[in-house]
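Visitor: Single-letter residue listing:
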Amino acid sequence: MTRPLTLHPDRLFPSDAGQRDIARRLYADVADLPIVSPHGHTDPAWFATNANFGNAAELLLHPDHYVFRMLYSQGVSLDALGIRNRAADPRESWRLFAQNYHLFRGTPTRMWMDWVFAEAFGIDVQFEAATADLYYDRITEALATDAFRPRALFDRFRIEVIATTESPIDTLEHHQVVKDANAGGEWGGRVITAYRPDPVVDPEFEAFRENLGRLSDLSGEDAFSYAGYLAAHRNRRAFFAEMGATSTDHGHPTAATADLSDAEAEALFARVTGADVSPADAELFRAHMLTVMAGMSLDDGLVMQIHPGSFRNHNLWLFDRYGRDKGADIPTATDYVHALRPLLARYGNEARLTIILFTLDETSYARELAPLAGHYPALKLGPAWWFHDSPEGMRRFRSHVTETAGFYNTVGFNDDTRAFLSIPARHDVARRIDCGFLAQLVAEHRLEEWEAAELAVDLSYNLAKAAYRL
Amino acid sequence: MTRPLTLHPDRLFPSDAGQRDIARRLYADVADLPIVSPHGHTDPAWFATNANFGNAAELLLHPDHYVFRMLYSQGVSLDALGIRNRAADPRESWRLFAQNYHLFRGTPTRMWMDWVFAEAFGIDVQFEAATADLYYDRITEALATDAFRPRALFDRFRIEVIATTESPIDTLEHHQVVKDANAGGEWGGRVITAYRPDPVVDPEFEAFRENLGRLSDLSGEDAFSYAGYLAAHRNRRAFFAEMGATSTDHGHPTAATADLSDAEAEALFARVTGADVSPADAELFRAHMLTVMAGMSLDDGLVMQIHPGSFRNHNLWLFDRYGRDKGADIPTATDYVHALRPLLARYGNEARLTIILFTLDETSYARELAPLAGHYPALKLGPAWWFHDSPEGMRRFRSHVTETAGFYNTVGFNDDTRAFLSIPARHDVARRIDCGFLAQLVAEHRLEEWEAAELAVDLSYNLAKAAYRL
Amino acid sequence: MTRPLTLHPDRLFPSDAGQRDIARRLYADVADLPIVSPHGHTDPAWFATNANFGNAAELLLHPDHYVFRMLYSQGVSLDALGIRNRAADPRESWRLFAQNYHLFRGTPTRMWMDWVFAEAFGIDVQFEAATADLYYDRITEALATDAFRPRALFDRFRIEVIATTESPIDTLEHHQVVKDANAGGEWGGRVITAYRPDPVVDPEFEAFRENLGRLSDLSGEDAFSYAGYLAAHRNRRAFFAEMGATSTDHGHPTAATADLSDAEAEALFARVTGADVSPADAELFRAHMLTVMAGMSLDDGLVMQIHPGSFRNHNLWLFDRYGRDKGADIPTATDYVHALRPLLARYGNEARLTIILFTLDETSYARELAPLAGHYPALKLGPAWWFHDSPEGMRRFRSHVTETAGFYNTVGFNDDTRAFLSIPARHDVARRIDCGFLAQLVAEHRLEEWEAAELAVDLSYNLAKAAYRL
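Protein chains in written order, with my numbering: chain A, 6 to 475; chain B, 6 to 475; chain C, 6 to 475.
FYI, nobody ran anything at the bench for these hints, they're computed from the structure.
Heads up, a few of these hints could be off.
For identical chains, the list gives no copy identity; a pair is met inside one copy or between any two copies.
[As the list claims (entries may be wrong)] SDA-like, lysine to any residue: derived pairs with alpha carbons at most 20 Å apart:
(1) LYS470 to TRP390
(2) LYS331 to TRP390
(3) LYS331 to ASN90
(4) LYS184 to GLU269
(5) LYS331 to HIS70
Let the sequences and hints guide you as you build the complete structure.
Guide: Written out as structure tokens, the structure reads:
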């Protein structure tokens, strides 16, 4: 006996009748706005080649660490789930997922997945052990059709623009293909890149020196001298901008910044490109480079994003066997007030510069980030991120940030995902939560409804376009 | 003129009508479930001797540091309250409590106490100066009756199993008496112990060396050599398991763990068992022993609990005069991400191992604990603890933890109390708050009601039994 | 086309109908209670000279860093707003404010301002670009009338007592004028001072040594010897008390305290009054002086306030051009548990002493401050402060603090403002939020309504009077 799967039209709205009525009205005006996705991790090859996706497990289970980390936490083997294990039968892996779907109760994954099942694939029974095969077949069959090719889904999802994330040593060949398709009238989808220099900025990154060699080759500069290294960045940033990039992104362990003299920087660069880099030197170099990158942003207009505070690859055993991005990155307490001061002393008062700050440490919302963004012209706040990209997480973001930073020092929603099919669901969750938050302000007479209606459109659409210069 | 004392049937449910209706339905199915109390501090002598409790002050005021810490904070003298002062007239102490009962407005103590007064003792007027003597007499008289002996209350409270907490140098003689009573058909109540080795693991514990001597005597091992010390732990753990223990408990100042080589550990052990232990050595030894204990748990199956982050005996003047556990332990900011890594590197991927983490630092819920428990197979999250074992505290726990760790990486409720009569009240508060939280998810269409009904039973009963292997 | 400006009678109450009805009843009894303002930054010269305020920009824009920091964060120039720029046309500055008033949506500034516009000035259209001149003229004209002189507003606002904040080297001449006016029957308003010794306690304060010179002159003691320095404090504290002060206030970077021997203190004093003060010595001296000040409070009965955790003048460029208090002070993570221990070891158990703790780090509410205040007789908790003096901030304060510290270890509301006209609005927000919080407790049957009614009066009026000995 299966149970029906339906998405309630009032989902995620406050259940208080007064607030809910307001939320419904606000949402009605933003539900169908185009999606602006200024930060994410979709694969540009999808849109370049427009090849069909494979089976259900390959699309929805294997790449989604939100899904398999939860299963793993409850003792399900990653091998059995097919993670880095081509020997696993995808249907069997899928069944494991189905049998354990109750683990996701109360999580955003459950909401995103149900949306994908119901809206993207039109399935009308709930996902559980008994329906695992039905799901597997329905999804896998659909994926073989033209309607489920990447470009068709992009159009169907009403994506106005999507940014992927690439490192300076990426050739952006897929973006070139899309650009050509745009120019040739073959397809109108706007797929841009973002400049994420961690692999050539972080001396502790795997293969840092090899990456600098590749950077030299691509830029035609000698990236092993400090001057050449800076020139190489400028060169690649310009190339990325040509390929549509409007932003850079920096995923550092901490928010530390530094502003070294040229002589100090040159000496440090020599040390971190040599053998045996000390952790302190690595941290100082990352810190200095954030300030350098802010300066380049002031020159070339790329919006700067800082994503600090993740302890990457916490589980070494897992990292050795399964690699990066397997759900074992853990947030840490993050200081911004002292850490950002060197950068802000240099560039914080520049109104032409936009630096978007993210956090995995919610304690910084009201204590540090809102006061900083509510003062410095160069700073804005990115949305609730990663683990906090969820109904309760988004509510905490708004309730902790708004009173000091207002709405206009925030930048709309980022889906930040490689789970392409869930993108509309994620934006929909954000719109519903924002409408609910606004509805509460209206119901408590802290805001008028016409203002909330304006804000709903701003939060869903305008702010992202403006902040990211899209 | 006295005021009536009544417990409202809807207490602690959300006041929103839609949510409240759902909460009522969920609660109706869990209200009368047996109590599983896997972690607490009741005195096993109560259940062994089954002697009557004394007077109202002796039972409800003197042992409850939640009560007298609040009175003390407002200038009431501990001597006058009879704390470590046998000269105080218990009736006079009780009157002081009554006169100041308004101080507890808005606190969980007020709710637990009112439940004890109304439900356990059947009193129907409110507690205040004017009713102090009536209360004192009614309670003291009741306590002299058979119906208020410990075993009768245990049965009346529908306790299925209760765990006390003892150190390795405890002889567990009271548990033996209860075990005999169970075996002989005299009484069916299940009272088990838990292995709390702090007095022989923490070199800074009062009388640490004397405790090791006692440990040697009880185990027949030489606890002053590292090998003998480990053997003594194994010996006592086995004995505790025989006496029903299914868990260990570790109350450290921080969550620091370490994984030393045998040679390092042996050298450290020599230092911490010598004179003049340095704070750094003490911390390192505690840290190392957490990893050692996790290894032993993998062998003997005892579930491991870690309770870090309390600054014990913050008030030295009070400690000197009144001793431990007088309400002067204060939570501190606690890191888990770096601190637990050595232990997790060794054992975190063991699905057969269960380590239950607690915190007094709520900022770690969403930032550190939920991400860790939502990834590592060995980790689960204990409930809101101590100061946070309260309606708002429990709500924060659920709303901060669930979206990343789900419900199934949590372990149900712990009452953690020595206030025996309040145990049903505490479990009832937890069940009501959980039903309210689930009702909100249902009312916001984030969960279906049949799922919430399953979860309500899991959170009230099944998860504690499963996690603690009861 | 202008829009009407109205203040909804139910503003800030919960929108749940049941809670709202209770909140309305609770609020009805406290809405018109006199204002007790025990901590703030109004200028005593206003009440001494009773001169008319100038124009709208001068009164409502230039001194309010809540207002211009938000405008600045969005790229509006401080020069154009007239901050430290007498060349700016105040009407033009005011228009800039009006054009950008939407930036304040969702902030407390918006609510305070709307109250000032509607209630203080009787304006009935909303503030926006189109009404900027109407506003400027209406406000500026009103300010020229007798009804808008400081004393008339003080009386109209039903202020029972207001405390300003002065340093030991202030002569308090304005307070003397008010005192004389009181004595002579000219005006009855009670305007007292508070002793804020930071400029002569913090060796890193601008002009610290010059300040000590001035302190010597005013006290007749040699403030460059440690004994004379302490005597000078005693002398000035006595003078402040004569001028009505009932409290001291200490705005330190951290909550660090120390309790040095006389010899240590004397040696430290010699170092910090010499050239080249080290940051560590400066911190230690501030720390020691908190304990010294607590000792003096025990002698002279002045209530002690500690306001730690603000990183002052974070934006050096701005500080150089525009000076202190321009919206660039940023909160930092603040430890209390270790920091306060030296002071508490000496004086924490003194029930005759009142130390009121504030925080800008909300994570300390439930983790540190409520447990400390819920234990130590000398400690009480100040209200949500500065950035957290807002609807959501106040709700977090109550929900995080009450369950451990109760209501009676808190001290009512502080407006802490130099924005005189907003004082009634700020107290009104606090009363409404507190009534809403109490209404939730009543609606969830955690408190009876008669208790909530008592508490509403206590939180709005009685607690501030009692805690500050007013």
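Visitor: Flag every earlier hint the structure violates by its number, smallest first.
Guide: Violated: hint 4 alone.
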